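There are 2 protein chains.
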Amino acid sequence: MVNIAVLGYGTVGSGVVEVINTNHKSINKRAGAEINIKYVLDLRDFPGDPVQDILVHDYEIIANDPEVDIVVEVMGGIEPAYTFVKRALESGKSVCTSNKALVAKHGPELMEIAREKDINFLFEASCGGGIPIIRALNSSLTADEIDEITGILNGTTNYMLYKMSTEGSDFDAVLKEAQEKGYAEADPTADVEGYDACRKIAILSSLAYGKFLNYENIYTEGITKITPADMAYAADLGMSVKLLATSRKIGNDSFYAMVAPFLVGKESPLYSVNDVFNAVFVHGNVLGDAMFYGSGAGKLPTASAVVADIVDEAKHLHRNIMTNWTSRPLELMDLADVEGRFFVRVKEATVAQVEEIFGNVQIVNLKQFPGEFAFITSEMKQGEYEEKVKKLNGRVITMIRVKD
Amino acid sequence: MVNIAVLGYGTVGSGVVEVINTNHKSINKRAGAEINIKYVLDLRDFPGDPVQDILVHDYEIIANDPEVDIVVEVMGGIEPAYTFVKRALESGKSVCTSNKALVAKHGPELMEIAREKDINFLFEASCGGGIPIIRALNSSLTADEIDEITGILNGTTNYMLYKMSTEGSDFDAVLKEAQEKGYAEADPTADVEGYDACRKIAILSSLAYGKFLNYENIYTEGITKITPADMAYAADLGMSVKLLATSRKIGNDSFYAMVAPFLVGKESPLYSVNDVFNAVFVHGNVLGDAMFYGSGAGKLPTASAVVADIVDEAKHLHRNIMTNWTSRPLELMDLADVEGRFFVRVKEATVAQVEEIFGNVQIVNLKQFPGEFAFITSEMKQGEYEEKVKKLNGRVITMIRVKD
Numbered sequence: 008m009v010n011i012a013v014l015g016y017g018t019v020g021s022g023v024v025e026v027i028n029t030n031h032k033s034i035n036k037r038a039g040a041e042i043n044i045k046y047v048l049d050l051r052d053f054p055g056d057p058v059q060d061i062l063v064h065d066y067e068i069i070a071n072d073p074e075v076d077i078v079v080e081v082m083g084g085i086e087p088a089y090t091f092v093k094r095a096l097e098s099g100k101s102v103c104t105s106n107k108a109l110v111a112k113h114g115p116e117l118m119e120i121a122r123e124k125d126i127n128f129l130f131e132a133s134c135g136g137g138i139p140i141i142r143a144l145n146s147s148l149t150a151d152e153i154d155e156i157t158g159i160l161n162g163t164t165n166y167m168l169y170k171m172s173t174e175g176s177d178f179d180a181v182l183k184e185a186q187e188k189g190y191a192e193a194d195p196t197a198d199v200e201g202y203d204a205c206r207k208i209a210i211l212s213s214l215a216y217g218k219f220l221n222y223e224n225i226y227t228e229g230i231t232k233i234t235p236a237d238m239a240y241a242a243d244l245g246m247s248v249k250l251l252a253t254s255r256k257i258g259n260d261s262f263y264a265m266v267a268p269f270l271v272g273k274e275s276p277l278y279s280v281n282d283v284f285n286a287v288f289v290h291g292n293v294l295g296d297a298m299f300y301g302s303g304a305g306k307l308p309t310a311s312a313v314v315a316d317i318v319d320e321a322k323h324l325h326r327n328i329m330t331n332w333t334s335r336p337l338e339l340m341d342l343a344d345v346e347g348r349f350f351v352r353v354k355e356a357t358v359a360q361v362e363e364i365f366g367n368v369q370i371v372n373l374k375q376f377p378g379e380f381a382f383i384t385s386e387m388k389q390g391e392y393e394e395k396v397k398k399l400n401g402r403v404i405t406m407i408r409v410k411d
Numbered sequence: 008m009v010n011i012a013v014l015g016y017g018t019v020g021s022g023v024v025e026v027i028n029t030n031h032k033s034i035n036k037r038a039g040a041e042i043n044i045k046y047v048l049d050l051r052d053f054p055g056d057p058v059q060d061i062l063v064h065d066y067e068i069i070a071n072d073p074e075v076d077i078v079v080e081v082m083g084g085i086e087p088a089y090t091f092v093k094r095a096l097e098s099g100k101s102v103c104t105s106n107k108a109l110v111a112k113h114g115p116e117l118m119e120i121a122r123e124k125d126i127n128f129l130f131e132a133s134c135g136g137g138i139p140i141i142r143a144l145n146s147s148l149t150a151d152e153i154d155e156i157t158g159i160l161n162g163t164t165n166y167m168l169y170k171m172s173t174e175g176s177d178f179d180a181v182l183k184e185a186q187e188k189g190y191a192e193a194d195p196t197a198d199v200e201g202y203d204a205c206r207k208i209a210i211l212s213s214l215a216y217g218k219f220l221n222y223e224n225i226y227t228e229g230i231t232k233i234t235p236a237d238m239a240y241a242a243d244l245g246m247s248v249k250l251l252a253t254s255r256k257i258g259n260d261s262f263y264a265m266v267a268p269f270l271v272g273k274e275s276p277l278y279s280v281n282d283v284f285n286a287v288f289v290h291g292n293v294l295g296d297a298m299f300y301g302s303g304a305g306k307l308p309t310a311s312a313v314v315a316d317i318v319d320e321a322k323h324l325h326r327n328i329m330t331n332w333t334s335r336p337l338e339l340m341d342l343a344d345v346e347g348r349f350f351v352r353v354k355e356a357t358v359a360q361v362e363e364i365f366g367n368v369q370i371v372n373l374k375q376f377p378g379e380f381a382f383i384t385s386e387m388k389q390g391e392y393e394e395k396v397k398k399l400n401g402r403v404i405t406m407i408r409v410k411d
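For the record, the sequence lines run as chains A and B.
In the numbering used here, each number is its position in the first sequence, counted from 1, plus 7.
In the numbering used here, each number is its position in the second sequence, counted from 1, plus 7.
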């Protein structure tokens, strides 16, 4: 029997209990042992819920019980999660977590403790909900040197952008709708400003490239400035607007990372990732293109990923599953040196002016927006773009990057 | 050091050697040991190729060398692959293979030997080339009970259908083009008749449902009857024609499986899997929808999957990685009892006649095909469809299933 303690009986925590109860037969078979939920920690009581019998309010009970093999941290936030997780690992208990903030901030330290103790710290549910991308990076794509990860890693913003494109509604209207449906929180900042996606791409990049990418170093731009007009241009171009979290290896040892809205063309498998779905595109030097698609959030998909970690830890109770992530910092190159193409909407300007500055560009005119037009630049460094665009001072309505 | 022997220096075998040489640093780090190619077995000689130094023509040398830890079978075909693999496993050497014919026919027996010897028999490259779907089923989706797997598992036919839909060419023309490009073999039967996809869905279903699905029991229909006219109707419906290999769990313990062309709508993530790409859609009872996308064939993507198996076996040299596949046979229900919708093209018939037989149907008329029309039935059992369609005796041009 493998005893687990679940920290937090919120959405994900109750999902974990539900998944273990629903699929206990197949889960125990896969784990090679009976998974027993010995404790659930929460400050609240849940009278009438069967979990009440195993509910504790004091973490000390879990920390001091040598029978607890695995601690499942699904509380969220940095504290007290960090203190609880660190103590569990130091006392030889494996930990799995869905907490992207914790992993993005303290991942290297916690993984190091797990390695020393020959136990495991796993976090499949921290990026992309139910999509098994972390296990793929850790144990499937091991023959490859990964040189790109680009993800649609936030379901809330993907839903909002999808609604804006299909219904023509503006940002505020779709945000309200998303909040009513429970897809967006009362304070939507972490989603719409890209902070959530930023932490996730930091984690995925650290695993893929084997160094620690500090999320605070990643340029992050949200979707708050995207308008129905931008969507109309995108549709005319046969493209869709997606909030992409991306990192790339350039040459031997240069990297860049950013979170920003991008125009994505039909030839990309990310183009048709709609609604609340998430997807992670990976390019490996021998594998080529691969993509992983699924529910990026939600109680049961997230719990499915947490429970898959529990099964893996039960199968490897006193054996560290190697990961490629080290504490060495991943240095990012200056975004000014990163090449790309840029979609730009301008007003009170002429095609001739634009072409004088940018050379040959692709022009888009939409009847419904008189007095303005848009163009897509050829490939150039971002620094070069910024120098050039200064000459259109005051005439730029918006700029969106183009995904190639 | 972990010594491996590669059986067969054809496309995949030379890819395996190339991948190990190209990425040796990261591969050795991931494996936690140096992967050393001690032998390559082939009947031919390769003068000038560095592999010549480690080339052997006689399997006895490999079988009798206790230093060989892992045998990599990339010869293809049942014999002598089966004999070689079985001998290797019985003498305690782990085996990985890209050979779907071998796995589909002898998988349960070979896995059983590996389990008894506490070594491993892995076959990631046998389904979907570089797509890490087998490892996902084995070690990621362990919290779920899988109730559907639907894949585009054959790159040749997907390329051909894509070309037929985008260029309006007929089957023979695209087959010739695919052969010229090296995407189809001189004898294309295994691809175009669906036999290749059939073996792959048998393997994936066996892993997902934990019982052995004999590929010989799977209804298999190829793409040879698909015409440019079918493609025109599909385009008008906003759908695409895909050769799907699918299996489903219905209720508690009933299963069906089939390989056939399907009309796929835009809401399915399989809709936009084009060209030579493969994808595997999986539905889990807690995970919901997930899809894995990538290169289904090709030298390096396939070799990437083989080498990932080598890394996994090097990490678990004397420890069997559990799989869910048992030797118990998976019984399939009668396809007559399976529900679905059916796209039917008819000539010399009236809408009234069709509606009298099938009730309410969706009618499609295309100007360029006078004298015929098409309809899509409501959901009904295939047996019921077959009974009804008899009444249109001689007036049916074609029937294609619809993916819901």
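Wrong hints could be hidden among the right ones.
You can't tell identical chains apart in this list, so a pair holds if it fits in one copy or across any two.
To be verified - Heads up, simulated DSS-like pairs for lysine-lysine below, C-alpha to C-alpha not over 30 Å straight-line: (1) K188 x K395; (2) K322 x K374; (3) K306 x K45; (4) K398 x K183; (5) K397 x K218; (6) K124 x K188; (7) K93 x K322; (8) K306 x K256; (9) K218 x K36; (10) K32 x K112; (11) K273 x K183; (12) K112 x K36; (13) K36 x K256; (14) K170 x K398; (15) K395 x K170; (16) K32 x K218; (17) K112 x K322; (18) K112 x K398; (19) K256 x K170; (20) K36 x K322.
If you're looking for bench data, these hints aren't it; they were derived computationally from the structure.
Since we're looking at a predicted model, the values are computed, not measured.
Structure-based check of each hint:
Taking identical chains as interchangeable, the C-alpha atoms of K188 and K395 are never at most 30 Å apart, the minima being 43 Å within one chain and 44 Å between chains. Proximity of K322 and K374 under a CA criterion of 30 Å is satisfied in neither setting, with 62 Å inside one chain copy and 62 Å between copies. In the homo-oligomer, the alpha carbons of K306 and K45 lie at most 30 Å apart inside one protomer (21 Å), although the nearest pairing across protomers, at 49 Å, exceeds that limit. With identical chains, the CA atoms of K398 and K183 are never at most 30 Å apart, being 38 Å at best within one copy and 54 Å at best between copies.
Taking CA atoms no more than 30 Å apart as the test, K397 paired with K218 passes in neither setting, with 36 Å inside one copy and 65 Å between copies. In the homo-oligomer, the alpha carbons of K124 and K188 never lie at most 30 Å apart, since the shortest distance is 44 Å inside one protomer and 53 Å across protomers. In the homo-oligomer, the alpha carbons of K93 and K322 lie at most 30 Å apart both inside one protomer (21 Å) and across protomers (27 Å), since each shortest distance falls under that limit. For the homomeric pair K306 and K256, the shortest alpha-carbon distance between copies (23 Å) is at most 30 Å, but the shortest distance inside one copy (34 Å) is not.
Proximity of K218 to K36 under the C-alpha cut-off of 30 Å is restricted to the inter-copy arrangement: shortest distance 14 Å between copies versus 35 Å within a copy. For the identical chains of this complex, K32 and K112 are inter-copy neighbours only, at 28 Å across copies versus 36 Å inside a copy, given an alpha-carbon limit of 30 Å. Taking the shortest Cα distances, K273 and K183 sit within 30 Å of each other both inside one copy (29 Å) and across copies (27 Å). Proximity of K112 to K36 under the C-alpha cut-off of 30 Å is restricted to the inter-copy arrangement: shortest distance 25 Å between copies versus 35 Å within a copy.
Taking the shortest Cα distances, K36 and K256 sit within 30 Å of each other only across copies (19 Å), while inside one copy they are farther apart (40 Å). Taking the shortest alpha-carbon separations for K170 and K398, neither the intra-copy value of 35 Å nor the inter-copy value of 45 Å comes in at or below 30 Å. Taking identical chains as interchangeable, the C-alpha atoms of K395 and K170 are never at most 30 Å apart, the minima being 34 Å within one chain and 41 Å between chains. Taking the shortest alpha-carbon separations for K32 and K218, only the inter-copy value of 15 Å comes in at or below 30 Å, while the best intra-copy value is 38 Å.
Taking identical chains as interchangeable, the C-alpha atoms of K112 and K322 lie at most 30 Å apart whether they share a chain (27 Å) or sit on different chains (29 Å). Proximity of K112 and K398 under a CA criterion of 30 Å is satisfied in neither setting, with 40 Å inside one chain copy and 68 Å between copies. For the identical chains of this complex, K256 and K170 are neighbours neither inside a copy (33 Å) nor across copies (33 Å), given an alpha-carbon limit of 30 Å. In this assembly of identical chains, K36 and K322 lie within 30 Å of each other by CA distance both inside one copy and across copies; the values are 11 Å within and 22 Å between.
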